Amino acid sequence: MNSIATDQKWQKVGRYMIPVIILILWQIIYQIIGAPAMASPFHSFVDLRENMSKWMGDIGNTLLTLLISFLIASIFGVIFGFFIGLSPFWTKTLSPLLLGLYSIPKVTLYPIFLLIFGLTLQGRVAFSVFHGIFPIMIICMEATRTVPNIYLKLATSYRMSFIQKARQILIPAIMPQLVVGLRMGFSLCFLGLILGEMFASYEGLGHRLVHYMSLNEPAAILAIILIIVFIAFLFTFLFLLWQEKNEMKIGKSKVKIS
Amino acid sequence: MGLHKIVQILIVVTFLGVYEIATRMHWLDSFTFTPFSTMVLNMVENLSNQEYLKNHFGITAFEILTSFLGAVIFGIIIGIILWRSDFIHHIFQPYLMLFYAIPFFALYPIFISIFGVGPFPVIVIGLLFSMPAVITNTALGFREIRKVLIKVGLSNNLSFRQMLLYIYFPAAWPLIFTGIKLAAAYSIIGVIATEFILSARGIGYTISYAYNNFDLNGMYSSVLLVVVISLVVNFVLGLIENKLYQRNV
Numbered sequence: 000m001n002s003i004a005t006d007q008k009w010q011k012v013g014r015y016m017i018p019v020i021i022l023i024l025w026q027i028i029y030q031i032i033g034a035p036a037m038a039s040p041f042h043s044f045v046d047l048r049e050n051m052s053k054w055m056g057d058i059g060n061t062l063l064t065l066l067i068s069f070l071i072a073s074i075f076g077v078i079f080g081f082f083i084g085l086s087p088f089w090t091k092t093l094s095p096l097l098l099g100l101y102s103i104p105k106v107t108l109y110p111i112f113l114l115i116f117g118l119t120l121q122g123r124v125a126f127s128v129f130h131g132i133f134p135i136m137i138i139c140m141e142a143t144r145t146v147p148n149i150y151l152k153l154a155t156s157y158r159m160s161f162i163q164k165a166r167q168i169l170i171p172a173i174m175p176q177l178v179v180g181l182r183m184g185f186s187l188c189f190l191g192l193i194l195g196e197m198f199a200s201y202e203g204l205g206h207r208l209v210h211y212m213s214l215n216e217p218a219a220i221l222a223i224i225l226i227i228v229f230i231a232f233l234f235t236f237l238f239l240l241w242q243e244k245n246e247m248k249i250g251k252s253k254v255k256i257s
Numbered sequence: 000m001g002l003h004k005i006v007q008i009l010i011v012v013t014f015l016g017v018y019e020i021a022t023r024m025h026w027l028d029s030f031t032f033t034p035f036s037t038m039v040l041n042m043v044e045n046l047s048n049q050e051y052l053k054n055h056f057g058i059t060a061f062e063i064l065t066s067f068l069g070a071v072i073f074g075i076i077i078g079i080i081l082w083r084s085d086f087i088h089h090i091f092q093p094y095l096m097l098f099y100a101i102p103f104f105a106l107y108p109i110f111i112s113i114f115g116v117g118p119f120p121v122i123v124i125g126l127l128f129s130m131p132a133v134i135t136n137t138a139l140g141f142r143e144i145r146k147v148l149i150k151v152g153l154s155n156n157l158s159f160r161q162m163l164l165y166i167y168f169p170a171a172w173p174l175i176f177t178g179i180k181l182a183a184a185y186s187i188i189g190v191i192a193t194e195f196i197l198s199a200r201g202i203g204y205t206i207s208y209a210y211n212n213f214d215l216n217g218m219y220s221s222v223l224l225v226v227v228i229s230l231v232v233n234f235v236l237g238l239i240e241n242k243l244y245q246r247n248v
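As given, the protein sequences belong to chains A and B, one line each in that order. The first sequence: position 172 = 171 (numbering that gives the first Met the number 0), numbered continuously. The second sequence: position 63 = 62 (numbering that gives the first Met the number 0), numbered continuously.
To be clear, the hints were calculated from the coordinates, so they are not data collected in a lab. Among the clues, some could well be false.
[As the list claims (entries may be wrong)] Listed next, with one range per pair, are the computed distances between beta-carbon atoms:
#, chain 1, residue 1, chain 2, residue 2, range
1, B, Leu97, A, Pro147, 23 to 33 Å
2, A, Lys244, B, Ser47, 51 to 61 Å
3, A, Phe116, B, Asn48, 28 to 38 Å
4, B, Ile80, A, Ile149, 13 to 23 Å
5, B, Thr13, A, Met16, 54 to 64 Å
6, A, Ile31, B, Tyr94, 17 to 27 Å
7, A, Leu66, B, Pro93, 20 to 30 Å
8, A, Lys53, B, Ile149, 55 to 65 Å
9, A, Ile149, B, Val43, 50 to 60 Å
[Said to hold, decoys possible] Below, a list of computed lysine-lysine pairs in the DSSO-like style, where the Cα atoms sit at most 30 Å apart:
#, chain 1, residue 1, chain 2, residue 2
10, B, Lys4, A, Lys91
11, B, Lys150, B, Lys242
12, B, Lys242, A, Lys91
13, A, Lys11, B, Lys146
14, B, Lys242, A, Lys8
This one's a predicted model, so the numbers in the text were calculated from it and none came from an experiment. The beta carbon of each residue, even a glycine, is placed where N, CA and C say it ideally should be.
Using the sequences plus the hints, can you model the full thing?
Below, the structure is given as C-alpha cells:
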C-alpha cells in the first residue's frame, strides 16, 4: 500500500516535471542558436507581459469566433450524428463518406471559403465549423448506433414515446462518448481557426503570429504560441474534467478514434 | 454489392453531377467555382508537367513519406517504452491527450531557424503531428493483449525476443496498424497545411500561390489532387486494416 502511494507521488512529480523539462530544452536550444533567430523563455515571458494589453483584442476576437463556431459545430454535429445513428442503414452508408471527408487536409479548401465569404467573420466561422464538425458527427453517430439493445428493449417495454426514449435512454447512453467527440471537435475547430487566421485575416491570434513572423520577432512569436497553447490546454483540461465526471457516473467509454 | 454501396456511389455521383451542371449553367458564380471536369483536366495536365512533378509533387510526396515513416518508427519505439514502463506511461498519458490541441504549424518559423530552410522543418511538423496517433495505439495495442496469449508464450519458455516476434507483435498489430493509418492521414494534413501557409514549395504552396494570383483553375486542380491523394491513401490503408481485423477475430 505504502509503495503504491509513493509511486503515485513520483508520478505526480513526473507529470509536473514535463513542462520544466520543456523550458530547459527551450533554453538550451536558445543557447545553441543564439539571439536573432530564437528567443529565450525569459524574453518571451517578458514580451508576453508587455504586449498582453495590446493583444487582448486579438485574443478576445479569436476566443469569440472559436466559441461561436464550436457551438454551431457541436449543435449540428450532434443532431446529424444522432439522427443518422438511429438508422443502421444510413450509418453504414454514410460513415465511409464522412471518414473520407474527415481524412482530407481541409486547410487546402480554405481558399474556397474565402472566395465565397470574403475576408469576413462568417468565412472564418464557416471554415472552423467545417474543420471541427466531422469527429463530433462520426463519434455521435457511432455512439447512437452502438447503444445496447437491452436499453432499447426497456424503452419499448415501457412504451416510451420517441422524445421520452431520447431524453431518458439514448442521450444519457451516448453522453460519455459524446464528450470525447466534443473535445476532439473543439481542438480541431481551434486548429482550423488558427490556420484560417494565419492564411488570410486581418485580426485574431493567427494573424498576429504571421505578422510577427514577417517582422522576424522570435520573442513575440513564442509568446503568442504560449497563449495559443495555453488556450488549447485550458479547454482540453475542462473537457477532460467533464469526461471524468461522466465516466464516474456512467462508466468508462470506449472510443476507437484517437 | 450491397445496397449501401450503391447508395454511396449514387450520393457521390449525384453531388458531382449537380455541381457540374450548376457551374456549367452558371447558376453558381463562375469567379468562385469551376466545373468538376475542368478540375480533372487541369489536374491531369499539371501531372504531365515535368516542372510541377519535380518541384511540387515530388517534394510533397518526399516530405509526406519521410514524416510518415519517421512517425511510424519513432511512434512504435516510444509506444513500446510506454508499454514496458508503467511509470513513464502514467507521466505522459495526459500530455498525449493534449498533443492534438497544439497548432504545430505555429512553430514553423522556429523550426526554420533550428533546421534551416528546405524540406526538413516541414517534415518535422508532419512527424510531430502524426506521431501521437502511433504512440497511443501502440501502447494501447500492447497493453490490451489477452492474458491467455501471453500465458501460452510463457509456458512455452519463449525468450523476450521470441515473445515479441511470435506473441506481442502479431497480437497487437491490428491496433498498431490503426495508429499507422491515422498517422498517414495526419502526416498528409501536417505537410500540406505547412506548405500551404508558410512554405515556398510543394502542392500546398501551389494552392496558396494560385489563390493569391486569382488562378482559379490552378487552385482547384491542386486542391483536387490533394483530396485524391488523401482519399486513395486512406482507402488502401482502410482495406488492409479490414483484412487485419477479420483475420484476428
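Regarding A:Lys244 and B:Ser47, is the given constraint of 51 to 61 Å on their beta-carbon distance met? holds, 57 Å
Hinted pair B:Lys150 and B:Lys242, Cα distance within 30 Å: holds, 26 Å
Can the restraint linking B:Lys242 and A:Lys8 be considered satisfied, given a maximum Cα separation of 30 Å? Distance ~44 Å between B:Lys242 and A:Lys8 Cα, so the pair is violated.
Given the hint that A:Lys11 pairs with B:Lys146, test it: the Cα-Cα distance must not exceed 30 Å. Cα-Cα ~29 Å, so holds.
Does the Cβ-Cβ separation between A:Ile149 and B:Val43 fall within 50 to 60 Å? Cβ of A:Ile149 to Cβ of B:Val43: about 54 Å, so the range 50 to 60 Å holds.
Please test the hint of 17 to 27 Å on the beta carbon pair from A:Ile31 and B:Tyr94. The hinted range 17 to 27 Å holds for A:Ile31 and B:Tyr94, with Cβ atoms some 24 Å apart.
Does A:Lys91 sit within 30 Å of B:Lys242, going by the straight-line distance between their CA atoms? OK: B:Lys242 and A:Lys91 at ~18 Å, within 30 Å.
Could you see if the CB distance from B:Leu97 to A:Pro147 stays within 23 to 33 Å? With Cβ atoms ~31 Å apart, the hint holds.
For the pair A:Phe116 and B:Asn48, does the Cβ-Cβ distance stay inside 28 to 38 Å? holds, 32 Å
Is the gap between the beta carbons of A:Leu66 and B:Pro93 within 20 to 30 Å? holds, 24 Å
Quick one, are B:Lys4 and A:Lys91 close enough, alpha carbons at most 30 Å? holds, 9 Å
Has the hinted range 54 to 64 Å been met by the Cβ atoms of B:Thr13 and A:Met16? holds, 56 Å
In this structure, the earlier hints numbered 4 and 14 are contradicted, and the remaining ones agree with it.
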